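K.L.:
Next come the chains, spelled out residue by residue.
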Amino acid sequence: MRAVLSLISGALFGGGLHISGMTDTARVRGFLDIAGAWDPTLAFVMGGAMVPMLVAWRLTRTRVPLTGGAFPAQPTQQVTRPLVFGSVMFGVGWGLVGLCPGPALASLSYGGWHGYVFLIAMLAGMWAVPPLRHALDRHATAA
Amino acid sequence: MEIAWLYGLLGGLLIGTGGAVLLLGTGRVMGASGIVGGLVDGTGINRGSTLAFQLGLIGTPALLGIGGWTVATHATSDIWLLILGGLAVGIGTRFANGCTSGHGVCGLSRFSLRGLIATLFYIGAGVLTVTALRLGFGL
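Residue numbers (numbering that gives the first Met the number 0), protein chains in the order written: chain A, 0 to 142; chain B, 0 to 138.
Misleading hints may appear alongside valid ones.
As the list claims (entries may be wrong) - Okay, the calculated bits of chain A under chain B, using three or more residues with CB under 8 Å as the criterion:
#, stretch
1, 9–21
2, 85–98
3, 121–130
Since the hints were derived computationally from the structure, they do not count as laboratory data.
No experiment lies behind these values; they were computed from the predicted model shown.
Heads up, the beta-carbon is just placed ideally off N, CA and C, and yes, glycines get one too.
Just chain A, with the same shape it has in the complex:
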């Protein structure tokens, strides 16, 4: 049941990214190019996605997940250095190529070698983070 619901969710996510044009790097970079030929499409995508999610979060107050377990705890309001540093780094990579993790996967079947190179580099970066964090923490405590 969990797998079926995850499959449906992934299919909606992938279909939505495809239809909205978010797998087109030119459209995404066009949104970020506010001083140039600005393309507002991404704002409509974000706005549209917010509507079902607002309803969903509201429903989590009075229900439990369909397949059991619990909903995520209330988010911590702590703005940490890794949050800011990571977001800036992510934004730079996003601006360089125009792909973020969702669209990088959604476009895998038609993105050609460009998509594979980006995805492999992205996965390598993700894989490197736990040891990198560990080393940074050790450095911080030693200093």
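Start from chain A and add chain B according to the hints.
P.N.:
Quick look at chain B alone, frame taken from chain A:
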């Protein structure tokens, strides 16, 4: 091209519905970087569900493409830009613990301060990067 925003809105509604199905069905937040990253570094939960999610995420656009609805990705052919961008997105999203879907769509819709701060910083950094590339290198 004038109707791009309409497709954007429609696609956005589908994306949000996908997030709602995952949240209400399984209690998970639909964050692409978290779901993929957990698979890569071994911190992920529920491998089967995660793989099913990826199958839908990759498979649906593939089917739409085969059905004739194709999208050109217009990605750069500069291999170093692709590698640098991929590394930055991979490292950045894991440090920040989220990307456009997790912090953006799912975070903002629950009025998360962390989600808002992350979104402001990655959009800000993205804007500066695109502008710098265009002005400096004509890319």
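K.L.:
A separate judgement is required for each hint: does it hold in the structure or not?
P.N.:
Taking the hints in turn, this is what the structure says about them:
1. 9–21: holds (count 13)
2. 85–98: Holds: 14 residues of the stretch 85–98 of chain A have a Cβ under 8 Å from chain B.
3. 121–130: Three-residue rule met by the stretch 121–130 of chain A, so holds; n is 9.
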